[in-house]
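J.: Each chain is listed here by its residues.
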Amino acid sequence: MFFLSIFIPLISYLFCVIFKSYLSGKQISLISCGLLSIATTLSLISFYFFHINGDSVVLISNWISSGSFSVDWSINFNLLSCSMVLMVNFVSTLIHIYSVGYMNKDPKRSTFMGYLGLFTFFMLLLVSSNNLLQLFLGWEGVGLTSYLLIGFWNYKNSANDAAIKAFVVNRIGDFGLLLAIFTIFVVFGTLNINEIMILVNSYSDSYFNFLGIKIHSITLISVLLFIGCMGKSAQFGLHTWLPDAMEGPTPVSALIHAATMVTAGVFLLILMSPLIEVSEFASKLILIVGSLTCIFAASVAIFQNDIKKIIAYSTCSQLGYMFMAVGASAYSLAYFHLISHAFFKALLFLGAGSVIHSMSDEQNIKNMGGLYNKIPLTYLTMIIGSLSLIGVPFFSGYFSKDLILETLFLRDSELSSYAFLTGLLAVLFTTLYSLRLIIYVFHRKSMADEKVVAHIHESPFIMTFPLIVLSIFAIFFGMFSNSYFIGSDYLSVWSEIIFVDKSFNENFIYENMPIFYKKLPLIIIICGIIISYLIYFSFDKFLPVIKNRLRIVHNFFKNKWYIDEIYKKTFVFLAFYLGKGFWKSVDRDLIDNLGPNGMSKFVSSIGLIVSKMQSGYLYHYVLSIIIGLTLLISLYTYIF
Amino acid sequence: MSNLPILPILISIPLIGLIFILLSSENDEFALQSKRSALWTSISNFLLSLYLPLNFDKSIPHFQFVNSFGWFNSDNLKFSLGVDGLSMPFIVLSTFLILLCVIFLYPQKKKNMRMYLASFILLESFLIGTFSSIDLFSFYIFFESILIPMYLIIGFWGGERRIYSAYKFFLYTLLGSVLMLLAIIFLYQEFGTTSIPRLFDFSLPFYIQVWLWLAFFASFAVKIPMWPFHTWLPDAHVEAPTEGSVILAGILLKLGGYGFIRFNLSILPDASIFFTPFIYFLSVIAIIYTSLIALVQEDMKKLIAYSSVAHMGFVTLGIFSSNLQGLHGAIIQMISHGIISAALFFSIGSIYNRYKTKEINFYGGLGHKMSKFSVFFLIFTLGAIGFPGTSGFIGEYLTLLSVYSKSTLVAFLSATGVVLAASYMLILYKRVFLGVVNERIEKKTERLNIFEILTYSILAVVIFIFGIKPNLILDYTSSSLERIIKLYPISIF
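Just so you know, the sequences run in chain order X and A. The first sequence runs 1 to 640 under the working numbering. The second sequence runs 1001 to 1493 under the working numbering.
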């Protein structure tokens, strides 16, 4: 059953591709939604009956066997993979349903539904894999479908460039993951995840010679794995592709660039947690990069004007929180935030899609305004999503995010206290950009031109239905499920699969957290609300003045810390410059002129000289005979 | 095992087919008669070549299906044929690709089609001969004979600068081959035999091995080609007709890799170890350098040609990393590159037949007009960038894994080729297939014909089959390769 719930999305893809010229777009969309709902139901059933079957591995067939190297096609059935499959299938089904409405008029909608199915399949393969190579297949597969879907409207050049950027930057991360897989095989001699987990402790002191430097092998593996995760989860340095990826249709942004694919990096680290736990250095690195991303993305999000880019940077920042949790060894909390984030972020994206849909494809929030009474349902769901994102008490985001902050506070190391402060600052920023978005889009007076305004309408039910379902989850999920991730009973269940600090359960947090620090995030949120009220309502006349005064600072954030520009001027330029140089100077001028062309020139010039000797005059020949003879005789006498 | 002399049959069927092709009428505009004979010849030869894998005993590392004939009235110089796990896949690959070439050519018009087909059929015979020779002399003769039809294909049916390219191709290859001939003569002088299986049993002093190794290296490094002997390849590809490029990239390059394993590695193991750092050095340069060059190409064929050099860099890395994974990786990489580059060259041929140019800038938005074709091309692109699930991934993965266990630096540097490959292939795909349809494309669109669809479907399916089940090839090669590795002294790395 679990097996089927993974492969049904693939069937959906094949169905869409094969029948797209025989059936109408509507029929295809409905059937693929139906298939996905079946997959979700099946994964729900297998999740429900999980405790009966327990952990198991389904072996399908052998993939590669070459001497000591052997990898299988197999599927891992445990609590982690099972819950992840359920989440992915569930969100994917909702987004399939939403797309039926959103892509209603697109001529390629059957292909679109097919790609969504294919993406879901690869994602499921990734989360349910029992060995790292098959995981890598899923990993690259989601990258590929992300590429296809970002560039789905491929008549737009910007979409194509964004798609290539996404693929190539991801490949840089994959490069790290690939090296990690190689190192794991060389050190452990296997790529099977369960076997690696058993072997970890016996290799905790081994060293590995990497690029001529002796490095603690597990640290090396963890760092390389983390580089892979940075690419996929858009962490600072390799994050540049994620905002650009918003060129894709909005359901894609919701599914791939918010709920599922970008969290694959966090998932991989959670999966490999026993390994990462051995290396203190890797944990620290993850904590630092996570906090940096968290604060960086949140700060940039305040200055963006594209509704989807704001949410994209917000995703980036939330992923930073998850990595901070991983860095603080609270893997189950990272997983908690991963799932609750999937719900509220998908909700926000779908809400944004609904806004864009009603505004006739306008994405700039400066051109919107006053929408709250025109599209009330979307407004309501967006508010719920934002509150959950900010972490207002009793919404999902509150439970998962505050637990991470509390954990950071309670870990007694200097680094995690810094991380705690960064996290708090990011809460402030989150409040600011979320409210800015809401205010610009729904309040203030309308900036759109009349044609657009006349056309504003609430989305059809097929699009609002997923919004409603996700809103329910964005409100209640955290409340009802937080003990599954932190309660002491469940921690021992988790500890069979991932690394869990059992002493660090809810009672411990409850008893040790000072009340002031516990309420600090809430205080900050209230401050944020007051600040944004003041900025956008009371003092909004001063806004342009401040902007002018602080132009440099403003531009710095608006241009995303100039990271894209730096990359373009260094790596991209260098690659093309070297390519041209090698081609023209080395290949053509040096090798060819010394090699074949030079050789043939040399031969023909010798030929010319020789042919000049054949002058045909008798006295020339006589002269050369005499010279030759003299030389020979003198040589002969000289030698003997 | 039955006693069917399968290898002589495989070599002689094309020769019989050749007679039919040459006898067919000259005045026919579509050259249907000759096409039909070529098709039957290649189909029957392909089906017969499947006899090899079906009756092959995987557990025997030695040569199978052996046939020997007298030659020069000498006991030591024999015309002997046989295959082992190493050569068998290449024979099937040859018959497979020639068949696809003939299918692809079927609906086309070309000047002097009869002779064109004849060259390919002749080439098929020589290729099978080369891969199945287990005697140095017959190997050398077949190896060199390949040059003749290939030279004609480029020189007669090529583009504008075909004569220059054909000469360059010929000069480079011949130079290497002359040195190999010297090495072969030396081996005959020394041991009085040129039989490859018997040469396995002898061991040579180190300093002689070094010289022989260099002589063989000269020939195969040009063929495969390694940096800096690669400059003939882009020119040859650009000027060669589509099918010529397919065979050139698909099979001829593999002769180099095959030769490295068969001669340098098996007969001269000590020298191979000695030169391993040298090979690593050249391969890493080849991968990074040609990938960067491919990034800035304006001609589609040149781009694929440069990417071929980079892919062959992985092959040489794999071969000289000298463990089972490396050799397996190299062989898979060769087979897979044979299929993928053939597919890419066929695709460029399809585009070229329609618009008569290979300039990338000319195109844009082709995907909107030829949606099926764009899907096929995407699949081939994925193969070329080593996407998991395609055969290209297995080759790159196994070679890098094996090199990584020997030298992390080399693996690290060459793995950057994976990132670069993604960049140049996706940029190519974008510039040709995506974006707005430009008016040049708009004017004239022609869907894929049934022969093209057939060719591409077969190739795409094969790419995925070997990506999902690489053991179909690996199983055949294991025992032969293990024997080679056993001959290999413990590596100093």
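Hints listed in this document are in silico derivations from the structure and should not be mistaken for laboratory results. Wrong hints could be hidden among the right ones.
Computed footprint of chain X on chain A; a stretch qualifies when at least three of its residues, placed anywhere within it, have a C-beta under 8 Å from a C-beta of chain X [claimed, not checked]:
(1) 1004 to 1010
(2) 1166 to 1172
(3) 1192 to 1201
(4) 1320 to 1327
(5) 1343 to 1353
(6) 1399 to 1410
(7) 1464 to 1473
As the structure is a prediction and not an experimental result, all values here were calculated from the model. Even for Gly, the Cβ is constructed at its ideal location relative to N, Cα and C.
J.: Each of the hints needs a verdict: does it hold here or not?
T.: Structure-based check of all given hints:
For the segment 1004 to 1010 of chain A, the stated coverage by chain X is not satisfied: 0 residues place a CB nearer than 8 Å to a CB of that chain, which falls below the threshold of 3. Check on the segment 1166 to 1172 of chain A: 4 of its residues sit with their Cβ under 8 Å from a Cβ of chain X, so the three-residue criterion for coverage holds. With 0 residues carrying a beta carbon less than 8 Å from a beta carbon of chain X, the segment 1192 to 1201 of chain A misses the three-residue requirement, and the given coverage is violated. Check on the segment 1320 to 1327 of chain A: 3 of its residues sit with their Cβ under 8 Å from a Cβ of chain X, so the three-residue criterion for coverage holds.
Only when three residues or more bring their CB closer than 8 Å to a CB of chain X does the claim for the segment 1343 to 1353 of chain A stand; here the count is 0, and the claim is violated. Coverage of the segment 1399 to 1410 of chain A by chain X holds. Counting CB-CB distances below 8 Å, 6 residues qualify, and the rule asks for three or more. Using a Cβ-Cβ cut-off of 8 Å, 4 residues of the segment 1464 to 1473 of chain A lie near chain X, which meets the minimum of three, so the contact claim holds.
Hint check: violations occur at hints 1, 3 and 5; the rest are consistent with the structure.
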